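Protein chains in written order, with my numbering: chain A, 1 to 272; chain B, 1001 to 1377.
Hints listed in this document are in silico derivations from the structure and should not be mistaken for laboratory results.
A quick note: this is a predicted structure, and the numbers were derived from the prediction, not measured.
Careful, some of the hints might be misleading.
Said to hold, decoys possible - No more than 30 angstroms apart at the CA atoms, straight line, and that leaves these computed lysine-lysine pairs for DSS-like:
{"id": "1", "chain 1": "B", "residue 1": "Lys-1047", "chain 2": "A", "residue 2": "Lys-263"}
{"id": "2", "chain 1": "A", "residue 1": "Lys-191", "chain 2": "A", "residue 2": "Lys-29"}
{"id": "3", "chain 1": "B", "residue 1": "Lys-1047", "chain 2": "A", "residue 2": "Lys-7"}
To be verified - Taking CB as the label site, the calculated pair distances span:
{"id": "4", "chain 1": "B", "residue 1": "Arg-1255", "chain 2": "A", "residue 2": "Asp-152", "range": "43 to 51 angstroms"}
{"id": "5", "chain 1": "A", "residue 1": "Thr-145", "chain 2": "B", "residue 2": "Phe-1267", "range": "32 to 40 angstroms"}
{"id": "6", "chain 1": "B", "residue 1": "Asp-1134", "chain 2": "A", "residue 2": "Lys-191", "range": "53 to 61 angstroms"}
{"id": "7", "chain 1": "B", "residue 1": "Pro-1116", "chain 2": "A", "residue 2": "Lys-223", "range": "53 to 61 angstroms"}
{"id": "8", "chain 1": "A", "residue 1": "Pro-20", "chain 2": "B", "residue 2": "Val-1199", "range": "45 to 53 angstroms"}
{"id": "9", "chain 1": "B", "residue 1": "Asp-1236", "chain 2": "A", "residue 2": "Pro-147", "range": "24 to 32 angstroms"}
{"id": "10", "chain 1": "B", "residue 1": "Val-1199", "chain 2": "A", "residue 2": "Lys-191", "range": "33 to 41 angstroms"}
Even for Gly, the Cβ is constructed at its ideal location relative to N, Cα and C.
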Amino acid sequence: MAFDYDKYIRPGKLPHIWCPGCGHGIVMKGLIRAIDTLGLEKNNTAIVSGIGCASRLPGYLDFCTLHTAHGRAAAFATGVKMARPEMNVICVGGDGDGTAIGGNHFIHACRRNINMTYIVMNNNIYGMTGGQFSPCTPTGAKASTTPYGNPDPAFDVAKLAIGAGATFVARGTAYHATQIDKLIVEAVQHKGFSVVEILDDCPTTYGRRNKFKSVIEMMNRLKDIAVPVKAAEKMTPEQLQGKIITGVLFKEERPEYTAEYAKVIERAKGGK
Amino acid sequence: MAKKVAFLQGNEAAAQGALYAGCKFFAGYPITPSTEVAEVLSAELPKIGGKFIQMEDEIAAMAAVIGGSLAGSKALTATSGPGLSLKQELIGYACIAETPVVIVNVMRGGPSTGMPTGPSQSDVMSAKWGTHGDHPAICLVPASVQELFEETVRAFNLAEKYRTPVMVMPDEIVAHMRERIVFPEPGELEVIDRTAPSVPPEQYKPYDTKFGDVPPLAAFGSGYRFHVTGLNKMDDGFPTTKAAVVQAEEERQVRKVDANIDDIVKFEEYMLDDAEVAVVAFGSTSRSARFAVNEARKQGIKAGLFRIKTFWPFPEKQIKALSSKVKALITPEMNLGMCTVEVRRCAEGKAPVHGIFRVDGEPINPGQILDKIKEVK
Ligand SMILES: Cc1ncc(C[n+]2csc(CCOP(=O)(O)OP(=O)(O)O)c2C)c(N)n1
Ligand code: SF4
Ligand SMILES: [Mg+2]
């Protein structure tokens, strides 16, 4: 039987705002399948986002949903999680939202290792505002504000998360749709701050300017550059040039923030 | 039984007031001269199972308190000038998303880093005009340690009652001075909690005006699920650009405060019955003003004090009435004329308004005010 996405979609809230060929919808379907696998209870799950095309995702889903301000998802979510540690908290948002204006909140959420999952939908561009370069736009690429090619170097979101202290970091792509839910399932099950970066595409503002003839071409690029962790282990740095490694990139156990704060409460109550 | 009495610093009293009001969540970022609020709550909140978190900046702190409040906790943040500027975007978010939160902002010199340890009253306009767009504003300006306690309790009450952010703005002098405080017994001061939904989850809409201008607010994780956004929204919380809905929605948000001015505005009238010169002052400056008024009376001058306790909404009606009764108004303040502008607006030319402005980090002393009273009487 076909998977029933409707069970998790808010009645009356479709159609979504995304352009044909936008990768964000693929990520949303992956998230829905993951939530189904995990059996997360709707009333006990908060989905929090910032601002951008990617950040419109929560509104379509039938959970406690919080569409915040540009870049602030992790900070709002931290408030929700602290107030109700028993809730499942999932943040979603774009590359610009999470790593530019929200970069500070993102790295500090990683550092605290607060138990939530942050899904970065990385289309290498500020889609919603019409295609200005983001911290994840490759050097040399064309954006509406880099008419001569992007002079900025790009962030590697996964490395950033690992460096900042996230205890679970995975990467997938919109091409590898069936992997998305598996990565999200593992991320949510992990106790601590987990990051899932999904490379997707913005045909409307990025593809057009960067000579991609079609969405299919953009998707094929994702297929071509993705190398699973296992395969990457056997490759030389030269062979890995221009590739991105996908799968679970990092995982470690470290004290989780709300659990640590529960100990603070115990100490305070005990007068220590 | 004798009431508990203590010798307390203003900021400590604000923290204690928050606890009295049922605050269970604090998020902040250290900044002089407000830091003691955070320090006290970092110790006290976990004792009662509450949560304290020091965030990475003031924007994050503001975000976290909104998140905490939506998850059902009464939430507080505390800051000072530069931090207030950073919080502004999300103060607007709390306004439009109609989320109760309290912000203690201790006023220090500005703009920018200004005078971190010097007193000031120059954030009162930021409290109303700091975040963009039309929105309601409530700002309380206590003048003593006792009042800082009580007004913090009231700030939570107003936030919960009207589903909107409320600011408590002591100047640095009130926040840092130590005074005797008598703790109210539990139950002695009114404590208001937000109205919970009376309908089952499937019928719940977070902005359902069927229930009036302040619709009931459910909490995330309490069995109700709903959507919250900073976009203009419909009654179900989802974004809309429908002209009529947006217009009605914006007007309702502002009306929550405007239609309840008499409930929100508090002030004190001192020796005003026969006054010919009225000093209009707030915060620590009002203490100098009271002293000056007493001195003037001793010298046979009919002076009085109108003490502003609620800066926003501004006590418009009262100042208007006052200005047609007296010969002159005097507005001492630790800024370059913010309250004066408002008083002049309300006076509508019926009485001259003489400002006394100080931004040098020194308080306005009674002598300065007394001189002005003599000059204009
Ligand atoms: C404070 C603030 N600054 C700027 C904007 C304008 N803005 C809206 S969305 C956006 C970029 C979103 O890009 P990204 O997060 O990558 O999401 P995408 O649209 O690509 O999915 C910007 C700059 C804003 N809404 N708020
Ligand atoms: S502009 Fe780009 S990111 Fe936004 S919906 Fe369209 S394709 Fe997706
Ligand atoms: Mg993007």
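For each hint, the structure was consulted:
1. A threshold of 30 angstroms between alpha carbons decides the hint, and for Lys-1047/B with Lys-263/A the separation of about 11 angstroms falls inside it, so the pair holds.
2. Taking the CA atoms of Lys-191/A and Lys-29/A, the gap is near 23 angstroms; set against the 30 angstroms cutoff, the hint holds.
3. Between Lys-1047/B and Lys-7/A, the direct Cα distance comes to roughly 42 angstroms. Violation of the 30 angstroms bound is thereby established for this hinted pair.
4. Checked against the given bound of 43 to 51 angstroms, the beta carbons of Arg-1255/B and Asp-152/A, roughly 47 angstroms apart, stay inside it.
5. With their beta carbons about 52 angstroms apart, Thr-145/A and Phe-1267/B fall outside the hinted range of 32 to 40 angstroms.
6. Between Asp-1134/B and Lys-191/A the Cβ separation comes to about 44 angstroms, which falls outside the hinted range of 53 to 61 angstroms.
7. About 56 angstroms separates the C-beta atoms of Pro-1116/B and Lys-223/A, a value consistent with the hinted range of 53 to 61 angstroms.
8. A beta carbon spacing of about 39 angstroms between Pro-20/A and Val-1199/B contradicts the range 45 to 53 angstroms that was offered as a hint.
9. At roughly 42 angstroms, the beta-carbon separation of Asp-1236/B and Pro-147/A lies outside the given 24 to 32 angstroms, and the hint is violated.
10. At about 36 angstroms, the beta-carbon gap between Val-1199/B and Lys-191/A stays in the expected band of 33 to 41 angstroms.
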